[in-house]
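Trainee: Chains as they are written, first to last, in UniProt numbering: chain A, 1 to 351; chain C, 1 to 629.
Careful: at least some of the hints might be erroneous.
[Said to hold, decoys possible] The list that follows gives simulated cross-link-like pairs (lysine to any residue, SDA-like), each with its CA atoms no further than 25 Å apart:
| # | chain 1 | residue 1 | chain 2 | residue 2 |
| --- | --- | --- | --- | --- |
| 1 | A | K48 | C | K419 |
| 2 | C | K517 | C | P496 |
| 3 | A | K90 | C | K517 |
| 4 | C | K532 | C | G337 |
| 5 | A | K201 | A | G280 |
| 6 | C | K537 | A | E86 |
| 7 | A | K233 | A | I70 |
| 8 | A | K90 | C | Q339 |
| 9 | A | K83 | C | K53 |
| 10 | A | K160 | A | D170 |
| 11 | A | K233 | A | Q316 |
| 12 | C | K532 | A | T133 |
| 13 | C | K53 | A | Q316 |
| 14 | A | K302 | C | P453 |
| 15 | A | K129 | A | G159 |
| 16 | A | K75 | C | T179 |
| 17 | C | K530 | C | T179 |
| 18 | A | K161 | A | Q316 |
| 19 | A | K90 | C | K419 |
| 20 | C | K419 | A | I70 |
| 21 | A | K302 | C | K530 |
| 22 | A | K234 | A | S281 |
| 23 | A | K323 | C | V282 |
| 24 | A | K194 | C | G234 |
| 25 | A | K160 | C | P307 |
| 26 | C | K530 | A | F89 |
| 27 | C | K530 | A | N79 |
| 28 | A | K233 | A | A127 |
| 29 | C | K53 | C | K517 |
| 30 | A | K323 | C | K530 |
| 31 | A | K240 | A | Y351 |
| 32 | C | K416 | C | V322 |
| 33 | A | K129 | C | G304 |
[Unchecked claim] Computed spacing ranges between beta-carbons, pair by pair:
| # | chain 1 | residue 1 | chain 2 | residue 2 | range |
| --- | --- | --- | --- | --- | --- |
| 34 | C | H10 | A | A317 | 55 to 65 Å |
| 35 | A | G147 | C | L148 | 30 to 40 Å |
| 36 | C | I466 | A | I70 | 50 to 60 Å |
| 37 | A | K90 | C | P508 | 53 to 63 Å |
| 38 | A | G270 | C | P209 | 20 to 30 Å |
| 39 | C | G128 | A | T96 | 29 to 39 Å |
| 40 | C | V213 | A | A116 | 50 to 60 Å |
In short, the hints are calculated from the structure, not lab data. Think of the CB as a built atom: it goes at the ideal place given N, C-alpha and C, for glycine as much as any other residue.
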Amino acid sequence: MMKPGKAFKRLVPLFLGISLLLSACGREDLSALRPQGPVAEGQFGLIKLAISIMIGVMVVVFGIAAYVLIRFRRKPGQNEVPKQVEGSFKLEVLWTAIPLVLVLILAVPTVQKVFAFGEDYSKDKNAVKVNVTSHLFWWEFSYPDYGVTTAQDLIIPTGKKIALQLRTADVLHSFWVPSLAGKTDTNTDGTVNKAWLEASKEGVYLGKCAELCGPSHAFMEFKVKAVSEDSFKKWIEAMKAPAVLPEDPAVAEVFKSQCLTCHAVGDQGGPAAPNLTGIGSRESVASILLNEGASGKPGDRKPVKDNLVEWLEDPQAVKPGNKMPAPKDLGLTDDQIEAIAQYLADYKLSY
Amino acid sequence: MAHAHTVKRHKGLMDWLTTVDHKKIAILYLVAGALFFGIGGIEALLIRVQLAKPMNDFVTAQQFNELITMHGTTMIFLGVMPIIFALMNAVIPLQIGARDVAFPFLNSLGFWTFLFGGLLLNLSWFIGGAPDAGWTSYTPLSSTEYSLTHGVDFYTIGLQIAGLGTLIGGINFLATIITMRAPGMSYMRMPMFTWTSFVTSAMILFAFPAVTVGLVLLTFDRILGANFFNVSAGGNPVLWQHIFWIFGHPEVYILILPAFGMISEVVSTFSRKRLFGYSSMVFATILIAFLGFMVWAHHMFTTGLGPVANALFSIATMLIAVPTGIKIFNWLFTMWGGQIRFTTPNLFAVGFIPTFVMGGVTGVMLASAPADYQYHDTYFVVAHFHYVIVGGLVLGLFAGLHYWWPKMFGRMLSEKLGKLEFWTFIIGFHMTFFVQHFLGLIGMQRRVFTYLPNQGFDLMNLISTIGAFLMGVGVIVFLINIGITAAKPRNASNDPWEDGRTLEWTIPSPPPEYNFKQIPLVRGLDAFWKEKMAGNKEMTPAEPVGSIHMPSPTILPFIMSVGLFIAGLGFMFTSDDFGNSFMNFIFSNYIVTGIGLAITFGSMLVRSLYDDHGWHIEPSELNEKGVKA
């Protein structure tokens, strides 16, 4: 038998090798294997530990299997009856005890991490509180401490704990930013969940809905944009500034009467649909039409205005099953759609 | 001799509709299971075609959700379950030296309710749309507010009727194995497949009532306007998740345990050795079944049960690795020192071991709750459960089917084609699902009808799709093999693999209607092998040749199931407007439902009032071999 210390030393290169292999996988802003914050890092650590143990197990089992299958093939003319072995108490104990030990090795950090990630920071003064509300098929983020509500792009300061409170407005969804933290379901009232995440450095991280929620489940994406503390403060200020309405009074009138019944900009409008304040500087339109000039990550990117026009022309074609009435059904003309798209594309926040 | 034929013997179709013979019911289960397996397989291929490239529009988002829901539901409840029941029916009575199951009538009823439940569920494709809320049917997505078609009604009522069949089957096998073992066959002399089927039946007995209750609640919510899962009226959607998984997790072990049994039989036979560590295998099986009921919340780590629950369910789940590991090593050491023959069944069994180990280790990884926050509902999970269910169970079923095919049909499947099946299927399988682990880890969530390009998902999805078609080729080769074999003469011997160890290999292939002319005396584990080693050609009989009591064929189970089918269909459409006052009248006043229930309960009444004592096969007939299977 190998001494435990020696066995551990032999496992180290395996462990390092796997880390290297896995870290090369996937996009930095999307992959659970390339963590960008402490929660995802902790989870990646567990994943690496588990994979290392499991590869060890597989090597042993496959090794024995290969040996047995080669060594004990029935040879031509082999007719004597093999010895009928009942079993072996020692072996049974051995392969009961070793898995138990392996399970224990995995169980200890599992329990530690379960409690670490289950920590409630909603009372922490230094944490930024965000209420996440999921809708078919978009995400609402409100900052109760600042009285600000936005949609689709969650803006957070780096290096701070973000205390999330998650609920749904309709069916169950699940909030997932692979490179920052694992999932938390957004449940109905009565079973509201809490979670936290933190981004170590600035960047835009992709988020997804991970619970089947209807036709456009696949398109229910969002972004987490981590910015410096200063930028974050500036963003909050910009969000709180009074709404900028279209300059052309005719367009402003259409926008108010047709869009602001559900949507909001600044201090005007309603909460039923995504808040549009500063939509011109967001990463995407309707979460899947990626905007040019935003974070510059790969993708089929188009100017914001083109995306807005595409969306407004036929929302169902972009995101099947979504709840937005087609502007054309509301009586908007192509020119009006064009003008509103232009207005929204120009509605940018500087932060 | 006339007195022996007081029973009416049916021919052709009528014979199949009325049979209570476990061997024929096995074939019915197999045919129906294969039909649904084929439907589920086609759904799988359509899913893979849609996902072959980013932003594909081969199917719509709604159609995709219907496809994934029906693929999962069909495969689990209507595909693999009946094929397991086919093998249990074909083999268990023979392995324990019995002439039939304990309740032949119930056996037939179980099959027909399963079939009509399955047909009802699949009828949804033609009437208004298939269920679209996933096979898990989480509320509120499955409530009438968000799932507007009758799809989920077909799901709840179809599964209710099919589940009834499974429950009946489970109870029947429990009773059969407890009461009908041949003299000398103590529990610890039962073949491993009998053991695992026994434990699986017990699990069915405890797990299926949970889903029955859950489906009733959801049906009431949807059709009668109850509020079990309606938050605004005080209901709770998380309740559904608990009920579903309290059934759903044991269901996974209900599926895999019989496969463990099949692998044990096949590995032992083709190594020409007794199963290594038989008693620890039995113990491990029972332990897995027990733990299987203790871990349901690991499907709900992200639901928000809190750290204490997540920690406990993590550890409980990891513990299942221990008895499962015992099984793997015992199989390896069964082969150790043996003389392994690579027949088709053994190829599948040998392929099963590493494949299942891969599914098992990802299972332990998933058990770690904090890491599961990342894996949950991604392609990592899809890869994991396909490794366990396809790489485990389906490979086990292929092993079992090839192994017992000559016993069921009297013909040996082609070994050449069998090997082709194995290699195409297993290579296709690993191509399809191995890459999916990585897809999940790099950020692809499951149940998405498409994905944006440039996320690094494209190549792996294409590989996966190609692999799926290769698996399809494997299955088609299997069907060709069956077709070719069916045209060959029925010439399989009693013990066609030559190294048979258990009682089913002591009787003709296929066995006569009464299985055993004389019930054998069992003198140890692997009863037939023991006699062979003692130099005996056949078993010592435990009884003199005498007249054999047989159950009468009956059409009642079929009629009862038709009644349930009509009642279920009628109940679903009680609040629909058909644009026709007569149709509206008979549906909304529960008249259709009533007619269906009247048929079912009427048949039960007939069954209760009319005593059928069965019939006898006399010794003289046995000798002149006048009775065919």
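Trainee: A separate judgement is required for each hint: does it hold in the structure or not?
Mentor: Hint check:
A C-alpha spacing of about 37 Å is found between K48 of chain A and K419 of chain C, which places the hinted pair above 25 Å, so the restraint is violated. Restraint check for K517 of chain C and P496 of chain C: satisfied, since their Cα atoms lie roughly 20 Å apart, inside the 25 Å limit. For the suggested pair K90 of chain A and K517 of chain C, the alpha carbons sit about 43 Å apart, so the restraint of at most 25 Å is broken. Restraint check for K532 of chain C and G337 of chain C: the C-alpha separation of about 20 Å stays at or below 25 Å, so the hint holds.
Annotation: proposed proximity of K201 of chain A to G280 of chain A holds, straight-line Cα distance about 24 Å (limit 25 Å). Of the pairs offered as hints, the one joining K537 of chain C and E86 of chain A holds, with about 24 Å between alpha carbons and a cut-off of 25 Å not exceeded. Note on K233 of chain A and I70 of chain A: the hinted pairing is violated, with a Cα-Cα distance of about 68 Å set against a maximum of 25 Å. Pair hint K90 of chain A plus Q339 of chain C holds up; C-alpha atoms about 24 Å apart against a cutoff of 25 Å.
For a cut-off of 25 Å, the pair hint linking K83 of chain A to K53 of chain C is broken: about 55 Å separates their Cα positions. The hinted pair formed by K160 of chain A and D170 of chain A fails the criterion: a straight-line CA distance of about 30 Å is larger than 25 Å. Simply put, K233 of chain A and Q316 of chain A have alpha-carbon atoms about 36 Å apart, too far for the 25 Å limit, and the pair is violated. Among the hinted pairs, K532 of chain C with T133 of chain A is inconsistent with the structure: their alpha-carbon atoms are about 71 Å apart, more than 25 Å.
Distance check on the hinted pair: K53 of chain C and Q316 of chain A sit about 21 Å apart at the alpha-carbon level, within 25 Å; holds. For the hint linking K302 of chain A to P453 of chain C, the alpha-carbon distance of about 14 Å falls within 25 Å, and the restraint holds. Pair hint K129 of chain A plus G159 of chain A holds up; C-alpha atoms about 14 Å apart against a cutoff of 25 Å. Distance check on the hinted pair: K75 of chain A and T179 of chain C sit about 42 Å apart at the alpha-carbon level, beyond 25 Å; violated.
For the proposed pair K530 of chain C and T179 of chain C, the alpha carbon gap of about 23 Å is at most 25 Å, so the pair holds. The hinted pair formed by K161 of chain A and Q316 of chain A fails the criterion: a straight-line CA distance of about 37 Å is larger than 25 Å. Taking the CA atoms of K90 of chain A and K419 of chain C, the gap is near 37 Å; set against the 25 Å cutoff, the hint is violated. Between K419 of chain C and I70 of chain A the alpha-carbon distance is near 18 Å, which keeps this suggested pair within the 25 Å criterion.
Straight-line distance between C-alpha atoms of K302 of chain A and K530 of chain C comes to about 77 Å, which puts the hinted pair past the 25 Å bound. The straight-line distance between the Cα atoms of K234 of chain A and S281 of chain A is roughly 14 Å, inside the 25 Å bound, and the hint therefore holds. A C-alpha spacing of about 55 Å is found between K323 of chain A and V282 of chain C, which places the hinted pair above 25 Å, so the restraint is violated. For the given pair, K194 of chain A sits about 21 Å from G234 of chain C by alpha-carbon distance, which is consistent with the 25 Å threshold.
For the proposed pair K160 of chain A and P307 of chain C, the alpha carbon gap of about 22 Å is at most 25 Å, so the pair holds. Restraint check: the Cα-Cα separation between K530 of chain C and F89 of chain A comes to about 23 Å, which is no more than 25 Å; the hinted pair holds. In summary, the hint linking K530 of chain C to N79 of chain A is supported, as the alpha carbons are separated by about 17 Å, within the 25 Å threshold. Restraint check for K233 of chain A and A127 of chain A: satisfied, since their Cα atoms lie roughly 14 Å apart, inside the 25 Å limit.
Among the hinted pairs, K53 of chain C with K517 of chain C is inconsistent with the structure: their alpha-carbon atoms are about 60 Å apart, more than 25 Å. For the given pair, K323 of chain A sits about 71 Å from K530 of chain C by alpha-carbon distance, which is inconsistent with the 25 Å threshold. For a cut-off of 25 Å, the pair hint linking K240 of chain A to Y351 of chain A stands: about 13 Å separates their Cα positions. With a C-alpha separation of about 37 Å, the suggested pairing of K416 of chain C with V322 of chain C is violated against the 25 Å cut-off.
Restraint check for K129 of chain A and G304 of chain C: the C-alpha separation of about 18 Å stays at or below 25 Å, so the hint holds. A C-beta distance of roughly 58 Å is found between H10 of chain C and A317 of chain A, which places it inside the suggested range of 55 to 65 Å. In this structure the supplied range 30 to 40 Å holds for G147 of chain A paired with L148 of chain C, their Cβ-Cβ distance being about 37 Å. The hinted window of 50 to 60 Å between I466 of chain C and I70 of chain A is violated, with their beta carbons roughly 30 Å apart.
In this structure the supplied range 53 to 63 Å is violated for K90 of chain A paired with P508 of chain C, their Cβ-Cβ distance being about 43 Å. The hinted range of 20 to 30 Å is not satisfied by G270 of chain A and P209 of chain C, whose Cβ atoms lie roughly 47 Å apart. Between G128 of chain C and T96 of chain A the CB atoms are about 53 Å apart, so this pair departs from the stated range of 29 to 39 Å. Checked against the hint of 50 to 60 Å, the pair V213 of chain C and A116 of chain A fails, with Cβ atoms roughly 37 Å apart.
When each numbered hint is compared with the structure, violations occur for hints 1, 3, 7, 9, 10, 11, 12, 16, 18, 19, 21, 23, 29, 30, 32, 36, 37, 38, 39 and 40.
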